[in-house]
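Single-letter residue listing:
Number of protein chains: 4
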Amino acid sequence: MSDADATVQSMADASPAKWHLAHTTWFFETMVLKRFAADYAVFDARFNFLFNSYYETIGARQPRPKRGMITRPSLDEIMAYRAHVDAAIEGLLDGDADPAAEELVELGCHHEQQHQELLLTDILHLFAQSPVRPAYRDGSAPEAVQEAAPADWISFDGGIVEIGHDGRGFSFDCEGPRHRALLEPFRLADRLVTNGEWLEFMAEGGYRDPLLWLADGWAQILEHGWAAPFYWEEGDSGWRSMTLRGIQPIDPAAPVTHVSYFEADAFATWAGKRLPSEAEWEHAAASLSIAPSSDPRRLRPRPASGEPGLKQMFGEVWQWTRSPFTPYPRFKPAEGAVGEYNGKFMCGQFVLRGSSVATPPEHARATYRNFFPPDKRWQFSGLRLAEDI
Amino acid sequence: MSDADATVQSMADASPAKWHLAHTTWFFETMVLKRFAADYAVFDARFNFLFNSYYETIGARQPRPKRGMITRPSLDEIMAYRAHVDAAIEGLLDGDADPAAEELVELGCHHEQQHQELLLTDILHLFAQSPVRPAYRDGSAPEAVQEAAPADWISFDGGIVEIGHDGRGFSFDCEGPRHRALLEPFRLADRLVTNGEWLEFMAEGGYRDPLLWLADGWAQILEHGWAAPFYWEEGDSGWRSMTLRGIQPIDPAAPVTHVSYFEADAFATWAGKRLPSEAEWEHAAASLSIAPSSDPRRLRPRPASGEPGLKQMFGEVWQWTRSPFTPYPRFKPAEGAVGEYNGKFMCGQFVLRGSSVATPPEHARATYRNFFPPDKRWQFSGLRLAEDI
Amino acid sequence: MSDADATVQSMADASPAKWHLAHTTWFFETMVLKRFAADYAVFDARFNFLFNSYYETIGARQPRPKRGMITRPSLDEIMAYRAHVDAAIEGLLDGDADPAAEELVELGCHHEQQHQELLLTDILHLFAQSPVRPAYRDGSAPEAVQEAAPADWISFDGGIVEIGHDGRGFSFDCEGPRHRALLEPFRLADRLVTNGEWLEFMAEGGYRDPLLWLADGWAQILEHGWAAPFYWEEGDSGWRSMTLRGIQPIDPAAPVTHVSYFEADAFATWAGKRLPSEAEWEHAAASLSIAPSSDPRRLRPRPASGEPGLKQMFGEVWQWTRSPFTPYPRFKPAEGAVGEYNGKFMCGQFVLRGSSVATPPEHARATYRNFFPPDKRWQFSGLRLAEDI
Amino acid sequence: MSDADATVQSMADASPAKWHLAHTTWFFETMVLKRFAADYAVFDARFNFLFNSYYETIGARQPRPKRGMITRPSLDEIMAYRAHVDAAIEGLLDGDADPAAEELVELGCHHEQQHQELLLTDILHLFAQSPVRPAYRDGSAPEAVQEAAPADWISFDGGIVEIGHDGRGFSFDCEGPRHRALLEPFRLADRLVTNGEWLEFMAEGGYRDPLLWLADGWAQILEHGWAAPFYWEEGDSGWRSMTLRGIQPIDPAAPVTHVSYFEADAFATWAGKRLPSEAEWEHAAASLSIAPSSDPRRLRPRPASGEPGLKQMFGEVWQWTRSPFTPYPRFKPAEGAVGEYNGKFMCGQFVLRGSSVATPPEHARATYRNFFPPDKRWQFSGLRLAEDI
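In order, the protein sequence lines correspond to chains A, B, C and D. Each residue of the first sequence is one higher than the one before, counting from 1 in UniProt numbering. Each residue of the second sequence is one higher than the one before, counting from 1 in UniProt numbering. Each residue of the third sequence is one higher than the one before, counting from 1 in UniProt numbering. Each residue of the fourth sequence is one higher than the one before, counting from 1 in UniProt numbering.
It is possible that part of the hints are untrue.
[Stated by the list, open to error] Here are a few chain C residues that sit away from chain D, every Cβ distance over 12 Å (derived from the structure): (1) 11; (2) 48; (3) 84; (4) 101; (5) 238; (6) 286; (7) 300.
[Claimed, not checked] Think about it this way: if two alpha-carbon atoms lie no more than 27 Å apart in a straight line, the pair counts; the simulated BS3-like pairs of lysine-lysine are: (8) 273(A) to 332(B); (9) 34(B) to 332(B); (10) 332(D) to 344(D); (11) 34(D) to 332(D); (12) 66(C) to 66(B); (13) 376(A) to 66(A); (14) 376(C) to 66(C); (15) 344(D) to 376(C); (16) 332(A) to 273(B); (17) 66(D) to 376(D); (18) 376(A) to 66(D); (19) 66(B) to 376(C); (20) 332(C) to 273(D); (21) 34(C) to 332(C); (22) 66(D) to 344(D); (23) 66(D) to 66(A); (24) 66(C) to 376(B); (25) 66(A) to 376(D); (26) 376(B) to 376(A); (27) 273(C) to 376(C); (28) 376(B) to 66(B); (29) 273(C) to 332(D); (30) 273(C) to 344(D); (31) 376(C) to 376(D).
[As the list claims (entries may be wrong)] Simulated DEER-style distance windows between Cβ atoms: (32) 154(C) to 11(B): 50 to 56 Å; (33) 222(C) to 309(D): 48 to 54 Å; (34) 290(B) to 373(A): 36 to 42 Å; (35) 336(A) to 54(B): 43 to 49 Å; (36) 223(A) to 152(C): 47 to 53 Å; (37) 93(B) to 87(C): 56 to 62 Å.
Source of the hints: derived by calculation from the structure; they are not laboratory data. All C-beta atoms in this analysis are idealised placements derived from N, C-alpha and C, irrespective of residue type, glycine included.
Using the sequences provided together with the hints, build the complete structure.
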């Protein structure tokens with residue numbers, strides 16, 4: 001990636017790579033070093049304005065849609081900023097650090113993992129805007145194009161279950177408190193919806209039948225002309241998709257990705273099923289051990305395989321649930337600036353569960369609540385079907 | 001109301017009075033007469049285009065933001081249309097009507113009650129746009145301005161409760177199926193939040209502190225400059241408000257109304273409380289008998305009064321809950337066009353419970369789910385506080 | 001026209017009929033009676049806010065795009081306002097009126113004639129928005145559909161000529177001062193461009209070839225999909241057009257109307273000609289006597305006919321010139337509020353010359369400068385071709 | 001300038017530096033090499049899409065507002081593209097080149113000079129968006145802040161004069177044909193309007209009095225809150241301005257720059273004067289010899305000085321005229337793609353005359369017609385006053 005690649009902002013929802021790199025460092029500097037490292041020398045006082053994301057507690061900041069105007073500092077200077085702050089954090093931890101500082105360092109690491117994922121999704125978006133369609137990483141030999149086996153259905157009894165993080169180990173504030181939830185009996189598909197199934201949905205007029213869609217989703221179709229997942233393009237030799245490895249043919253057996261909540265919901269309606277609730281999903285996932293790190297260089301979801309049972313819960317695509325992102329019972333945002341992390345976004349978004357090819361593997365867990373507005377498509381977002389018993 | 005008053009559309013969310021009058025009649029004509037009245041003569045074939053609201057099943061229609069272009073038919077012609085259809089419905093019901101038709105007539109009556117309320121809220125909005133500020137009905141002598149007594153708190157044990165409509169008597173499809181819900185112990189305020197309490201919120205900078213607000217709500221403040229409830233105006237003699245009885249002084253003891261979900265939520269945060277969930281609200285309301293029809297000519301919410309216990313659950317202002325409008329477990333939309341009634345709006349809206357001064361009293365019930373987007377303010381919408389025990 | 005017809009505003013550029021009726025009366029009240037009629041009793045003090053158009057000198061006013069919110073006063077009340085002011089003006093003129101007052105009354109009459117025309121064009125626009133397409137006046141038997149004879153070309157020598165109003169009789173300030181202009185030899189078509197010629201332009205791809213268009217005009221095509229004059233619709237039996245007499249077939253021999261400057265300019269380029277300058281047009285028109293009033297109930301342009309020589313200069317459609325609306329040499333706006341009448345609009349508009357079927361015949365003169373932005377199409381605007389010799 | 005500086009697009013009106021560099025080279029490749037250099041090997045076939053500006057004749061292209069998405073090719077690759085094309089052009093000219101090719105090479109050189117200026121104005125705009133406010137070139141010691149002497153007025157007799165380019169030496173097509181124009185007697189100020197005079201206009205409420213402004217200009221003030229020239233900021237020590245040398249104090253004696261046509265016109269009205277027409281300006285300038293190249297590294301306009309007579313006609317700031325950009329009599333656009341150069345923009349723009357500190361000195365001439373829309377402010381645009389005698 002060049003300095004230019006790392007500087008440009010391709011839409012208001014995305015941020016430049018350079019901004020991600022600097023913002024995560026700013027988080028450590030602001031939340032930890034300024035408060036706990038007595039003799040810390042601020043790297044550059046202007047960075048507080050440049051790299052604050054949305055913390056009202058911390059003050060004025062570069063407007064989000066103008067993050068791409070920051071041609072300076074350069075990528076090199078930002079790497080120097082990162083080294084400066086990393087060294088100071090190491091110094092702090094080497095000493096007799098305040099437990100509150102250690103907790104914030106842990107939060108900062110998880111925060112940085114989130115931005116590692118966003119950095120990839122935002123670069124993909126940027127490169128998809130360019131007529132020359134650069135590849136973030138060179139394409140391997142094209143994957144074998146295959147058909148997926150039909151999905152199996154795994155049953156769950158329901159009843160009163162416990163969900164939410166129990167506080168052992170790290171979690172974001174919105175994952176708790178752990179609490180009781182009441183589930184009716186349900187079934188989950190053992191695998192994700194595939195590109196092949198999505199092509200069938202398209203062939204049967206899925207994008208042209210308003211009765212399959214939420215009203216707001218249909219309005220998106222009329223306004224934007226959606227007729228396939230984001231990044232798909234029809235060419236002479238069939239559908240292809242822009243990926244982090246450049247333009248690639250669609251693999252029918254691989255999970256569909258880059259679909260909005262609206263599309264996921266319409267597909268489920270078309271299929272006579274529904275999306276799972278986040279409680280159903282978490283309850284089902286709780287018993288699974290998370291697969292050891294998939295190849296971090298893969299960058300594309302792959303077909304389901306292996307033993308019977310729930311597959312592809314993690315590491316392929318985020319899975320839309322039917323649950324709006326709302327506070328759990330007795331949820332209170334954390335004190336101070338980090339209280340702005342999640343709570344103030346609990347409106348107008350839907351929860352996604354699991355993790356994707358872009359998620360750092362150690363960042364995935366069964367209680368994790370990802371969330372995006374229902375029209376967004378640039379994340380690695382797909383779906384798994386559910387049904388009532 | 002003149003023909004002109006009944007024709008103009010004051011914003012895309014609102015409809016002209018004439019349109020409400022014709023659309024509800026169109027509903028009977030389309031859903032009942034065309035299907036069940038063998039020899040029914042359509043009043044005017046063009047009305048199907050003019051007065052279809054959003055039924056994709058039924059086809060093309062006047063775009064919503066252009067409902068105000070329909071200067072013709074006149075109000076008189078629409079009254080004739082109503083008489084024509086009313087007579088045909090009576091004829092149908094006098095005979096040996098199909099039970100499906102009778103069910104749809106009942107639905108049509110409840111549908112019309114909904115529009116009776118919207119007609120009032122939309123006229124208020126229209127008259128508020130006019131510099132001459134007409135009154136829909138002349139103001140009575142100004143109400144005595146008083147202070148409200150502090151709220152009492154009513155406790156509920158929680159546990160597994162049943163909510164949703166049980167199918168005896170009429171309900172909209174989204175009110176069911178009746179199902180189990182799990183509640184943690186909670187308390188509800190015995191009365192609604194008052195204008196006096198809202199003035200205190202304003203005086204303490206409620207509209208200026210971003211930490212009280214959801215991010216999307218704060219964006220509304222920055223964009224629109226919200227600093228008081230909708231229709232409020234500050235004058236030399238204090239705050240006044242546009243009402244269906246013209247400009248009136250604010251009564252501190254009366255419930256606040258015309259606030260958005262964002263404002264209701266920020267107020268609750270400021271007060272150290274929260275909004276109730278819809279399940280909590282319904283559980284609390286289930287045991288109440290709905291007050292006999294309040295004076296339908298009142299048109300303004302009035303202060304709480306009477307015996308200890310939950311007050312003002314119905315007939316004053318709709319009460320925002322913290323619950324997004326989502327399908328109940330095993331919910332299926334009705335078959336046919338009426339299946340578009342509610343299900344396709346289950347995204348991006350919040351549930352309001354109770355009923356308002358504009359609601360026909362017989363339209364209120366404990367299971368009723370009203371819903372609006374979180375930024376809307378032109379309905380009679382207020383709030384009641386809740387807290388965890 | 002009903003009260004409703006007279007109240008609705010169909011777009012920001014158009015005004016309700018009621019507003020036109022009240023505004024022209026307000027002009028007399030404000031510019032004449034308040035200043036010169038000592039004992040004049042203002043009809044309603046609120047009307048100054050409601051019916052001021054754009055006079056900054058006079059103060060705050062109803063925002064232009066919200067003129068359609070004025071459902072009250074009713075049409076009847078506005079007619080009473082007109083009678084009240086008319087009587088006061090008559091009283092003033094019966095007495096020994098100040099010559100300045102008399103001059104302003106004359107200006108007010110010409111102002112009212114302008115609004116008589118706008119009232120017609122705005123009603124046509126409103127009725128064209130309505131799916132029931134009302135006719136302002138019932139259609140006579142359809143006109144015989146005919147072919148026009150080819151245009152003849154009338155030559156002019158050029159040289160130094162005088163244009164602009166000489167101050168004898170009434171004129172608007174922008175028509176003067178009379179001044180010298182230098183013309184090169186040129187020719188004008190003896191008649192207007194016809195619908196038949198326009199159909200040929202369309203058939204040869206006129207709306208699809210960017211090289212014929214000004215860049216801003218081509219942008220309009222891409223944004224709005226222009227493919228024919230405004231109000232034209234293609235049906236099974238060919239092109240038809242919404243008119244003040246309802247939907248009517250296109251007459252190939254009649255002048256094309258409801259075209260923008262961009263379209264007029266593109267047509268001229270396609271034809272290998274150009275639009276005349278306003279000085280050329282006025283010089284050519286100066287020697288003509290204006291035809292006695294055409295039938296004011298006609299409301300549709302008619303084919304050219306009669307003796308050789310310049311035809312259709314007045315009373316059919318306004319004719320776009322290539323001249324931006326700029327001040328004549330030594331132009332100074334009038335003193336006081338009426339100085340805002342024309343001068344402040346001398347930017348971004350093009351001059352049209354002649355007059356249309358909607359213009360009161362006594363309002364037409366050779367020096368008259370009408371002006372509209374180049375993308376506007378709702379006026380009766382057409383074109384006449386010119387060329388260099 | 002870094003690769004990042006050269007890549008970002010700060011608004012739709014501006015282009016990235018890299019784009020300017022590549023587009024001017026593309027012009028040579030497309031207009032000259034592809035047509036006249038038989039064995040020319042296209043550098044990269046994708047560049048035709050990337051670097052076409054607005055030539056419909058040549059086909060599809062990157063949408064203007066998305067020029068900033070082109071992070072690749074890098075600045076280095078674009079410099080290689082330039083070297084490749086330069087070499088091919090040199091090879092072509094060394095041989096026995098077609099005179100048509102030589103003419104197009106000359107046009108390409110002048111085209112490149114235009115973009116040299118735009119490159120500077122666009123970088124200034126980009127750097128002004130950045131909170132760190134980079135300087136394109138380091139600031140010299142601040143200039144002495146001085147007062148300007150009052151303007152003198154130079155008289156001209158008027159009469160029939162000739163303006164426009166006579167075809168000897170290079171000119172753009174819109175500068176001709178040379179033709180007669182009729183001027184009334186007039187006077188021009190001998191120098192440009194200064195910052196000091198502009199401060200006086202501001203102090204006397206120039207930005208707050210609607211009667212000074214064209215209606216469209218006043219609308220800009222209401223929408224954008226204009227209260228000073230573009231790039232001006234008020235600080236504790238008075239007004240400062242973002243410049244190519246970073247933030248600098250305002251020099252009262254230097255010409256005001258970065259004002260729109262609307263502001264220039266309002267200032268002239270306030271001063272009781274007017275802007276010159278382009279014919280007046282050109283007639284006055286025709287007798288002057290253009291000053292030898294001012295210091296190309298100055299980058300800021302400087303105060304008037306020297307002998308009596310017209311000063312600052314070239315090399316300081318472009319001077320708004322009151323003339324809309326329209327075709328001269330008998331103007332015909334050039335044949336082929338280069339015919340799209342100027343003619344299609346003859347609508348909605350005003351002519352500026354002279355040249356600025358950003359103009360290559362050899363690019364200035366008395367017949368030069370620069371043009372921009374009346375609300376644009378990011379060019380080095382100022383004004384000189386005129387009056388009628």
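Quick rundown of the hints versus the structure:
1. 11: Answer for residue 11(C): holds, closest chain D Cβ roughly 17 Å.
2. 48: Its Cβ never comes within 12 Å of chain D, the nearest being 17 Å, so this holds.
3. 84: Label holds. Min Cβ-Cβ 30 Å, cutoff 12 Å.
4. 101: 23 Å, holds
5. 238: 31 Å, holds
6. 286: 18 Å, holds
7. 300: 30 Å, holds
8. 273(A) to 332(B): Roughly 11 Å between the alpha carbons, so the hint for residue 273(A) and residue 332(B) holds.
9. 34(B) to 332(B): With a Cα-Cα distance of about 25 Å, the restraint between residue 34(B) and residue 332(B) holds, given a limit of 27 Å.
10. 332(D) to 344(D): 11 Å, holds
11. 34(D) to 332(D): 25 Å, holds
12. 66(C) to 66(B): 15 Å, holds
13. 376(A) to 66(A): Distance of about 20 Å is within 27 Å: holds.
14. 376(C) to 66(C): 20 Å, holds
15. 344(D) to 376(C): With Cα atoms ~19 Å apart, residue 344(D) and residue 376(C) stay inside 27 Å; holds.
16. 332(A) to 273(B): 11 Å, holds
17. 66(D) to 376(D): 20 Å, holds
18. 376(A) to 66(D): Given pair residue 376(A), residue 66(D) holds - Cα atoms ~20 Å apart, limit 27 Å.
19. 66(B) to 376(C): 20 Å, holds
20. 332(C) to 273(D): 11 Å, holds
21. 34(C) to 332(C): Holds, at roughly 25 Å.
22. 66(D) to 344(D): 22 Å, holds
23. 66(D) to 66(A): 15 Å, holds
24. 66(C) to 376(B): Holds, at roughly 20 Å.
25. 66(A) to 376(D): With Cα atoms ~21 Å apart, residue 66(A) and residue 376(D) stay inside 27 Å; holds.
26. 376(B) to 376(A): The given pair, whose Cα atoms are some 23 Å apart, holds under the 27 Å limit.
27. 273(C) to 376(C): This hinted pair holds, its Cα atoms lying about 22 Å apart.
28. 376(B) to 66(B): 20 Å, holds
29. 273(C) to 332(D): 11 Å, holds
30. 273(C) to 344(D): Judged against 27 Å, a Cα distance of about 16 Å means the pair holds.
31. 376(C) to 376(D): Answer holds: residue 376(C) to residue 376(D) is near 23 Å, not above 27 Å.
32. 154(C) to 11(B): 50 to 56 Å: Roughly 54 Å apart at Cβ, these two residues keep to the hinted range, so it holds.
33. 222(C) to 309(D): 48 to 54 Å: Given about 49 Å between the Cβ atoms, the range holds.
34. 290(B) to 373(A): 36 to 42 Å: 37 Å, holds
35. 336(A) to 54(B): 43 to 49 Å: 46 Å, holds
36. 223(A) to 152(C): 47 to 53 Å: 51 Å, holds
37. 93(B) to 87(C): 56 to 62 Å: The hinted range 56 to 62 Å holds for residue 93(B) and residue 87(C), with Cβ atoms some 58 Å apart.
Checked against the numbered hints listed earlier, the structure breaks none of them; every hint is satisfied.
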